[in-house]
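Chains A and B, in that order, are what the protein sequence lines are. Adding 395 to a residue's 1-based position in the first sequence gives its number in my numbering. Adding 134 to a residue's 1-based position in the second sequence gives its number in my numbering.
No lab work stands behind these hints: they were computed from the structure. Because the structure is a prediction, the values reported are computed rather than measured. Possibly wrong hints are sitting among the right ones.
Unchecked claim - DEER-style ranges, computed between Cβ atoms: (1) Gly398/A / Asn156/B: 27 to 33 Å; (2) Gln412/A / Lys245/B: 25 to 31 Å; (3) Asn209/B / Gly398/A: 27 to 33 Å; (4) Thr410/A / Gln214/B: 41 to 47 Å.
Said to hold, decoys possible - So, partial list: chain A residues that the calculated Cβ filter (under 8 Å) puts toward chain B: (5) Lys404; (6) Pro434; (7) Gly502; (8) Glu503; (9) Gly504; (10) Leu507.
Beta carbons are placed, not taken as given, at the ideal position from N, Cα and C, and that holds for glycine.
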Amino acid sequence: NAGVTQTPKFQVLKTGQSMTLQCAQDMNHEYMSWYRQDPGMGLRLIHYSVGAGITDQGEVPNGYNVSRSTTEDFPLRLLSAAPSQTSVYFCASSYDGTLSGNTIYFGEGSWLTVV
Amino acid sequence: EDKVVQSPLSLVVHEGDTVTLNCSYEVTNFRSLLWYKQEKKAPTFLFMLTSSGIEKKSGRLSSILDKKELFSILNITATQTGDSAVYLCAGLIYNQGGKLIFGQGTELSVKP
Numbered sequence: 396n397a398g399v400t401q402t403p404k405f406q407v408l409k410t411g412q413s414m415t416l417q418c419a420q421d422m423n424h425e426y427m428s429w430y431r432q433d434p435g436m437g438l439r440l441i442h443y444s445v446g447a448g449i450t451d452q453g454e455v456p457n458g459y460n461v462s463r464s465t466t467e468d469f470p471l472r473l474l475s476a477a478p479s480q481t482s483v484y485f486c487a488s489s490y491d492g493t494l495s496g497n498t499i500y501f502g503e504g505s506w507l508t509v510v
Numbered sequence: 135e136d137k138v139v140q141s142p143l144s145l146v147v148h149e150g151d152t153v154t155l156n157c158s159y160e161v162t163n164f165r166s167l168l169w170y171k172q173e174k175k176a177p178t179f180l181f182m183l184t185s186s187g188i189e190k191k192s193g194r195l196s197s198i199l200d201k202k203e204l205f206s207i208l209n210i211t212a213t214q215t216g217d218s219a220v221y222l223c224a225g226l227i228y229n230q231g232g233k234l235i236f237g238q239g240t241e242l243s244v245k246p
């Protein structure tokens, strides 16, 4: 049981490049989400999904794309990277929406730098 | 617009001090208030508060929620250097996939 696995852990991109941050969970969780965290700030929701085939936007969706073709995977795509997307990205998953807080599982984070 | 505000943004104390961290929220379809501790990695869960006025405790940490005044506090007694971290509170929105609205965090530094 690996929990929530994010890859890569570190990445440097050039402005304009595209890339995909991978997130996978092996707990059969319906709910998955992506957050970004900038220095001195809390986490901000980018996109989330309540099940396979269903996604929705969070607070800061611009410049990012997601899909949820399987329950296990929730990749985050940067379409054309910009320096403003330099951040730490966290993926999270949970069994359902009415949950106890310690059943929201976070990945270990992906540090992305756009130069 | 949903909003969670924490204060203070940073705090420096000495070992043995008691600290109180504040969190106010305006969250539509609010279900619960969560507290996390973050040390240069993913947040780790501390408390989830759903009912008003019921204190939750874990060792030297305790927290309570006031749903009338829309705020929560996190208390840490007899602080230790290992308590140094960023403390985040977040509002959980009902039935939206574990959707959390985070505050900006309080950075606590405990000096020996």
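Each hint tested on the structure:
no., hint, result
1, Gly398/A / Asn156/B: 27 to 33 Å, "holds, 31 Å"
2, Gln412/A / Lys245/B: 25 to 31 Å, "violated, 43 Å"
3, Asn209/B / Gly398/A: 27 to 33 Å, "holds, 30 Å"
4, Thr410/A / Gln214/B: 41 to 47 Å, "holds, 44 Å"
5, Lys404, "violated, 11 Å"
6, Pro434, "violated, 10 Å"
7, Gly502, "holds, 6 Å"
8, Glu503, "holds, 5 Å"
9, Gly504, "holds, 6 Å"
10, Leu507, "violated, 15 Å"
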